[in-house]
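**Q** Below, each chain spelled out in residue letters.
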Amino acid sequence: MEKKVIVLDDSEIALEFARAALEKRGYTVITCLTVLEFERVIPRSNANAVVIDINMPEMYGDDVCFIFKDNFGIKDTPFILFSDIDEEELKEKAKTSGADAYVCKKWGGDKLGQVVDEIVKNKPKTA
Amino acid sequence: MELDQIKKKLLEKFYEVSRERLQKMNSYILSLEKTPEDAHTIKELMREIHTLKGESRMMEFAKVGTVAHSLEDLLKALNEKGFKMRKTSVDVILKTMDTMSYLITNGDEGVDIDSLTGTLSKECEGIKKRGANDIEEVKEAPSTASLEGKPVMFDKKDVVRVKADKLDSLSASLGDSLISHGGSEHLIEELRDAIGLFDVSSASAREKVSAIWGRLREKSLEMERHLKILDEQLSEIRLFSFSIVFAPFQRMVRDMASEAGKEVTIIITGENTLADRRILQEIQDPLIHLIKNSIEHGVETPEERRKAGKSVQGRIMLSASQKGDKITVEVEDDGKGIDPAKIREVAIKKGIITQEEADVLSDQDAVRLIFRYGFTTKEKATEFAGRGIGMDVVEERMRGIGGNVEINSTVGKGTRVIMSFPYTISVISVLLFQVGKQTFALPTYAVEEMRKSSAREIQKIEGKEVIFVRETSVPLVPMANVLRLNKSGNGGKRPVLIIKHGEDMIGWEVESVIGEREVVIKPIEDYLKAAEMYTGATILEDGRVVLILHPSSLYTAGREFFSGKRPVHVSESIPPLERKRKRKILLVEDSLISREVERGILEGAGYDVDEASDGLEALKILEKKSFDLIVTDISMPNLDGLELTKRIKTTQAWKNIPIIVVTTLGSEEDKKRGMDAGADAYILKSGFKKDELIDTIRRLIH
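If you read the sequences in order, they're chains V and X. Throughout the first sequence, residue numbering follows our numbering, covering 10 to 136 in sequence. Throughout the second sequence, residue numbering follows our numbering, covering 786 to 1487 in sequence.
No lab work stands behind these hints, which were simulated from the structure alone. Hints should not be assumed to be uniformly reliable.
Claimed, not checked - Distance condition first, Cα-Cα at most 25 Å in a straight line; then the derived DSS-like pairs of lysine-lysine:
{"id": "1", "chain 1": "X", "residue 1": "Lys1440", "chain 2": "V", "residue 2": "Lys13"}
{"id": "2", "chain 1": "V", "residue 1": "Lys115", "chain 2": "X", "residue 2": "Lys794"}
{"id": "3", "chain 1": "X", "residue 1": "Lys1369", "chain 2": "X", "residue 2": "Lys1405"}
{"id": "4", "chain 1": "V", "residue 1": "Lys100", "chain 2": "X", "residue 2": "Lys907"}
{"id": "5", "chain 1": "X", "residue 1": "Lys792", "chain 2": "V", "residue 2": "Lys120"}
{"id": "6", "chain 1": "X", "residue 1": "Lys792", "chain 2": "V", "residue 2": "Lys115"}
{"id": "7", "chain 1": "X", "residue 1": "Lys1285", "chain 2": "V", "residue 2": "Lys33"}
{"id": "8", "chain 1": "X", "residue 1": "Lys798", "chain 2": "V", "residue 2": "Lys33"}
{"id": "9", "chain 1": "X", "residue 1": "Lys1369", "chain 2": "V", "residue 2": "Lys120"}
{"id": "10", "chain 1": "X", "residue 1": "Lys794", "chain 2": "V", "residue 2": "Lys120"}
{"id": "11", "chain 1": "X", "residue 1": "Lys828", "chain 2": "X", "residue 2": "Lys793"}
{"id": "12", "chain 1": "V", "residue 1": "Lys84", "chain 2": "V", "residue 2": "Lys104"}
{"id": "13", "chain 1": "X", "residue 1": "Lys869", "chain 2": "V", "residue 2": "Lys120"}
{"id": "14", "chain 1": "X", "residue 1": "Lys809", "chain 2": "X", "residue 2": "Lys848"}
{"id": "15", "chain 1": "V", "residue 1": "Lys33", "chain 2": "X", "residue 2": "Lys848"}
{"id": "16", "chain 1": "V", "residue 1": "Lys115", "chain 2": "X", "residue 2": "Lys1440"}
{"id": "17", "chain 1": "X", "residue 1": "Lys1198", "chain 2": "X", "residue 2": "Lys1092"}
{"id": "18", "chain 1": "X", "residue 1": "Lys951", "chain 2": "X", "residue 2": "Lys907"}
{"id": "19", "chain 1": "V", "residue 1": "Lys33", "chain 2": "X", "residue 2": "Lys1440"}
{"id": "20", "chain 1": "X", "residue 1": "Lys907", "chain 2": "V", "residue 2": "Lys104"}
{"id": "21", "chain 1": "X", "residue 1": "Lys1369", "chain 2": "X", "residue 2": "Lys1278"}
{"id": "22", "chain 1": "V", "residue 1": "Lys13", "chain 2": "X", "residue 2": "Lys794"}
{"id": "23", "chain 1": "V", "residue 1": "Lys115", "chain 2": "X", "residue 2": "Lys848"}
{"id": "24", "chain 1": "X", "residue 1": "Lys1111", "chain 2": "X", "residue 2": "Lys1285"}
{"id": "25", "chain 1": "X", "residue 1": "Lys798", "chain 2": "V", "residue 2": "Lys115"}
{"id": "26", "chain 1": "V", "residue 1": "Lys115", "chain 2": "X", "residue 2": "Lys828"}
{"id": "27", "chain 1": "V", "residue 1": "Lys100", "chain 2": "X", "residue 2": "Lys792"}
{"id": "28", "chain 1": "X", "residue 1": "Lys869", "chain 2": "V", "residue 2": "Lys115"}
Source: prediction; values computed, not measured.
Could you build the full structure based on these sequences and the hints that come with them?
**A** Written out as structure tokens, the structure reads:
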């Protein structure tokens, strides 16, 4: 059964890096460059995990997490915040927004892959 | 995919997005310098630098990442203080972004960034110590580290540009396909006529061929539809907004003004107007030049402005707008304007016009003299002088894209330069018409009106013909006279094309109007453009080459003709020999366009012209026909012009035929080789003038 991850980031460069890291681990990756695109993709996606950047033009990633988790019937889909703001700040944002995990961008794509692996394993999809 | 591969794949993308980010940051900083309280811009600026930092690190542009990090710290510190920046801060930030741009474009190997990050952190500390409203200047300005002062606009590594080149060749191929398709349409029509030739006895064969003809025609129409769609889509892809070209001016104006000791702001409008990418590239240098001129020669110093009762800060308006298939770009300043008296003085001193000519020149025409070659005074050596071009080049560039440039200036009030051109250059709509038995084209955007005038509608004012267009008298000029072609007589109503130039109009009398066509422009070589007033050529469905006239050169020629300055057409001064027998000339030239232009010139002067596309073909034609003179190019496939000359001059039957060699090769060595081969005259393409060719021919055979 294929495992699907959606990545939302306003940087195409960052998106491609995340895609490469996750595809290497066998995930099907859907990338979104805007929140609008994300909004269109998420309801029918059956994603196993969602990776979101923080600093985006339309909306901050933690707000996206907070709003979408509650309103799109995806309460159980794990959200991972993926940003290069300070670790302390990122940790705090993950807590207040209800994200399931966070990864600092400077830790690299492999670390992101490990975290996604762990989270997908521990949280088998119920939907 | 491994990480290295991903990076390689993303490199071009990175160049593109980082350049965009830096450009945006540049304008954000400049706008915050004016309005520091703009929270939205601050947020966007912070996000851009943050993302750029992240992307640089991912792409392993370590030094860019480090510089970006220091810059982000500095911006954060500024944000704490309400973003009120001292000029020194702005300078440091701008120079830092230049350095980042340099590092990204040229690589960071061996570049020392320590002094820059040092400067940044020193500035950052300074800001942190300040109170929120304390923005007074410190005495000691921090040193700024800069590697490259010029903002990057179109860069060699720019991925879009490489693709644009491919787009160009794609457009050209599509243009050729359209022409080939037109050719097959033509043949299909011929086939239909040929079917009529079937004998009555072969009715079944006729029926069969007719059926195939019908299917062929259907397929051809289908193909035409597809080609048209392809053409539309391709034109769309080639469209970009003017913002690419306009954006860097915010920054450039700031730098140029401070260098010139002036205060200038630039107001940009219409940057979302779209145009073909090549047009945007072509207009970049003229714009830099015009804006630089406005700052250096137009806008006065703050002191002068105060005395003149103007606001201390000068203003430059840069705008783009589209109307129909025509785009207008304007550069307007509120400076001191151009003094026609001074222009006259300089033009006389430089030998561009004589005192007598200057005396009768209107003020507006005098101002236009700055577009003449050799008028622009030597550029002052400033940082931007490297990009400097003369005003004559501005006009030349506009001509290259089928447009023109106008200038209005009022002493004391300011100067306004208006450039107009079609928004896409690959395919344009032209009006075809005949003059002197030749077909010509004019871009339809230039044609204001088309009418047939009877003798009654044409009036004479001071002995010169005019017609009335909406109560304005418009000079009437027979185009044949200006193009120096023989006018073929036609009585009754004369077709007149009203061509607008700025506010002025000229009525052009032609022989007949063929109609409007969408055509692909083919460039013609520069030497022919200099000799004639053509902006390009196009090939019609039947393979005929038609020259496209340049509206503004045509206007100038028409004005000169009307005021009696232009000599009457050349064929009147040719000795009446042609009446006995038309002289025959063999024209050998491998470029189709050059050949057609030269043929036009020769036929226009009353010669009979046969053509060959290389030396071998020329020899074959010579076997069958006799000629009075041969005009040949040098570099050609199969058999070049020198070898051809040698063979002709060593053949008993041909050795007395005069040969004129026309070529781009310009060294004495080449000339000697040409003469050694036995050529009778040698004309350089670079110095090519129509009259020179005709004069040489007449010298040799009349």
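**Q** It remains to establish, for every hint, whether it holds in the given structure.
**A** Each hint, compared with the structure:
no., hint, verdict
1, Lys1440(X) / Lys13(V), "violated, 84 Å"
2, Lys115(V) / Lys794(X), "holds, 20 Å"
3, Lys1369(X) / Lys1405(X), "holds, 16 Å"
4, Lys100(V) / Lys907(X), "violated, 31 Å"
5, Lys792(X) / Lys120(V), "holds, 18 Å"
6, Lys792(X) / Lys115(V), "holds, 16 Å"
7, Lys1285(X) / Lys33(V), "violated, 64 Å"
8, Lys798(X) / Lys33(V), "holds, 21 Å"
9, Lys1369(X) / Lys120(V), "violated, 83 Å"
10, Lys794(X) / Lys120(V), "holds, 22 Å"
11, Lys828(X) / Lys793(X), "violated, 31 Å"
12, Lys84(V) / Lys104(V), "holds, 15 Å"
13, Lys869(X) / Lys120(V), "violated, 40 Å"
14, Lys809(X) / Lys848(X), "holds, 21 Å"
15, Lys33(V) / Lys848(X), "violated, 29 Å"
16, Lys115(V) / Lys1440(X), "violated, 82 Å"
17, Lys1198(X) / Lys1092(X), "holds, 14 Å"
18, Lys951(X) / Lys907(X), "violated, 47 Å"
19, Lys33(V) / Lys1440(X), "violated, 78 Å"
20, Lys907(X) / Lys104(V), "violated, 36 Å"
21, Lys1369(X) / Lys1278(X), "violated, 35 Å"
22, Lys13(V) / Lys794(X), "holds, 24 Å"
23, Lys115(V) / Lys848(X), "holds, 15 Å"
24, Lys1111(X) / Lys1285(X), "holds, 13 Å"
25, Lys798(X) / Lys115(V), "holds, 20 Å"
26, Lys115(V) / Lys828(X), "holds, 22 Å"
27, Lys100(V) / Lys792(X), "violated, 29 Å"
28, Lys869(X) / Lys115(V), "violated, 32 Å"
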